Amino acid sequence: MYVTRPLSLYRSSPGAASEPLPEGPYSGYLVIQDKAYEAQVTTCCGMYRDQFLSNLPFPQNHLLRARPGLPLSANRYYVVHAKGKHAGMVYACSREEDKSNFLCCSSVNDVNPRPFGMGQFYARAVATDGFPPYFLRLKDWWLNTDFKRKPGLDIEPAAGVNEALRARMPDASFPISSQRSPAAVVGKWYTPFFFIKEELFRLKDQVKRSLFYEVTLEQFWEAIHFSENRSGEGRRTVEVRARVQTETAMLCGGELVGDVSPSADRVVWFRPAESVTGAVGLSSPIVERMRWEVARAGWVAGKSGVDVLEREEEYRGGSAWTAFGCFVLVERFSLRRLDGSLVLGCDFRYTNKIITKWE
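Here full-length UniProt numbering is used: the first residue of the sequence shown is 1, the next is one more, and so on.
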């Protein structure tokens with residue numbers, strides 16, 4: 001699962017690319033083209049933006065186009081010295097930092113001519129016996145990006161887990177009769193589409209809907225026991241006995257998952273309990289990362305995914321109580337498309353993190 005970093009950070013601080021990965025297994029960074037970067041490449045009083053990318057890393061929230069060459073209609077030419085000591089070199093534009101000030105005036109100092117750049121990037125296969133695709137084998141290609149947002153690429157900042165907010169626990173000031181408290185988002189990541197499989201969609205349709213998926217970690221309290229004392233009798237204790245499923249999942253529309261099974265290609269399939277189709281597959285590293293995240297917070301799976309909670313709670317108030325509720329902490333990983341529609345929700349219940357409420 002990936003957290004985001006703005007492209008402007010790497011343009012202003014190239015050394016940031018050497019930062020270690022976020023904590024936890026199967027972590028990484030998604031570089032997003034942000035407004036600060038767009039301001040950096042804007043010239044002519046905001047009328048022109050340089051769409052060509054001149055350095056790594058590339059932004060991942062925009063469609064990029066490799067440009068082996070430009071047509072004549074582009075009207076793009078290089079001005080070359082024909083003779084003299086700079087013969088064969090090309091002129092280059094000066095920048096703001098090349099200006100010099102004298103009294104109330106400023107003047108532009110031309111930069112020295114430079115050798116013609118034969119290209120900005122070339123690709124090399126990672127495999128020792130591999131060859132990149134043809135358009136990447138060319139050693140004189142350029143890359144440019146469109147500043148217009150594309151559907152399925154509207155990525156917002158995601159910083160992973162907010163440790164302070166997660167440790168604070170959800171607000172407990174909710175009605176005792178509620179089945180659950182309002183949810184608090186304590187973590188956010190993204191994952192590319194190729195780590196997610198939706199049985200209802202062909203791959204090309206899935207890509208059209210969402211090139212990335214948003215993963216959020218939410219916390220809320222869920223009721224596991226409720227008692228009433230309608231007669232107002234003076235009993236001071238309540239026996240709590242609850243059978244808690246420590247891990248459940250639901251699909252789009254709220255249908256419960258009936259089967260979770262791994263496949264040979266390292267995909268974990270979440271299949272609906274009643275419907276014939278509609279399964280969702282997650283790459284096993286995503287599932288492993290979710291389990292790692294809850295395990296480090298103290299989650300215990302229990303025996304066969306079930307934990308039996310038995311305890312006695314004592315009322316210490318003055319007047320007689322009328323209602324009692326016992327609630328367990330739930331952390332939910334919600335997988336959504338970028339249009340906000342839910343794909344899968346995985347709930348982890350902490351039977352070692354309990355609150356009680358009396359009225």
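Calculated from the structure, these hints are not laboratory results. Note that the structure is a prediction, hence the values are computed from the model and not measured. The beta carbon of each residue, even a glycine, is placed where N, CA and C say it ideally should be. Worth double-checking, as some hints may not be accurate.
Derived CB-CB ranges, DEER-like [what the hints assert, rightly or not]:
{"no.": "1", "residue 1": "T277", "residue 2": "S18", "range": "41 to 49 Å"}
{"no.": "2", "residue 1": "E228", "residue 2": "E23", "range": "27 to 35 Å"}
{"no.": "3", "residue 1": "G340", "residue 2": "M169", "range": "23 to 31 Å"}
List of simulated lysine-lysine pairs, DSS-like, C-alpha gap at most 27 Å [claimed, not checked]:
{"no.": "4", "residue 1": "K208", "residue 2": "K197"}
{"no.": "5", "residue 1": "K208", "residue 2": "K35"}
{"no.": "6", "residue 1": "K85", "residue 2": "K35"}
Verification of the supplied hints:
For the hinted restraint 41 to 49 Å between T277 and S18, the CB-CB distance of approximately 46 Å keeps it satisfied. The hinted window of 27 to 35 Å between E228 and E23 is violated, with their beta carbons roughly 45 Å apart. In this structure the hint that G340 and M169 lie 23 to 31 Å apart at CB holds, the actual value being about 26 Å. Between the alpha carbons of K208 and K197 the distance comes to roughly 14 Å, so the proposed pair stays at or under 27 Å and holds.
Of the pairs offered as hints, the one joining K208 and K35 holds, with about 25 Å between alpha carbons and a cut-off of 27 Å not exceeded. Between K85 and K35, the direct Cα distance comes to roughly 42 Å. Violation of the 27 Å bound is thereby established for this hinted pair.
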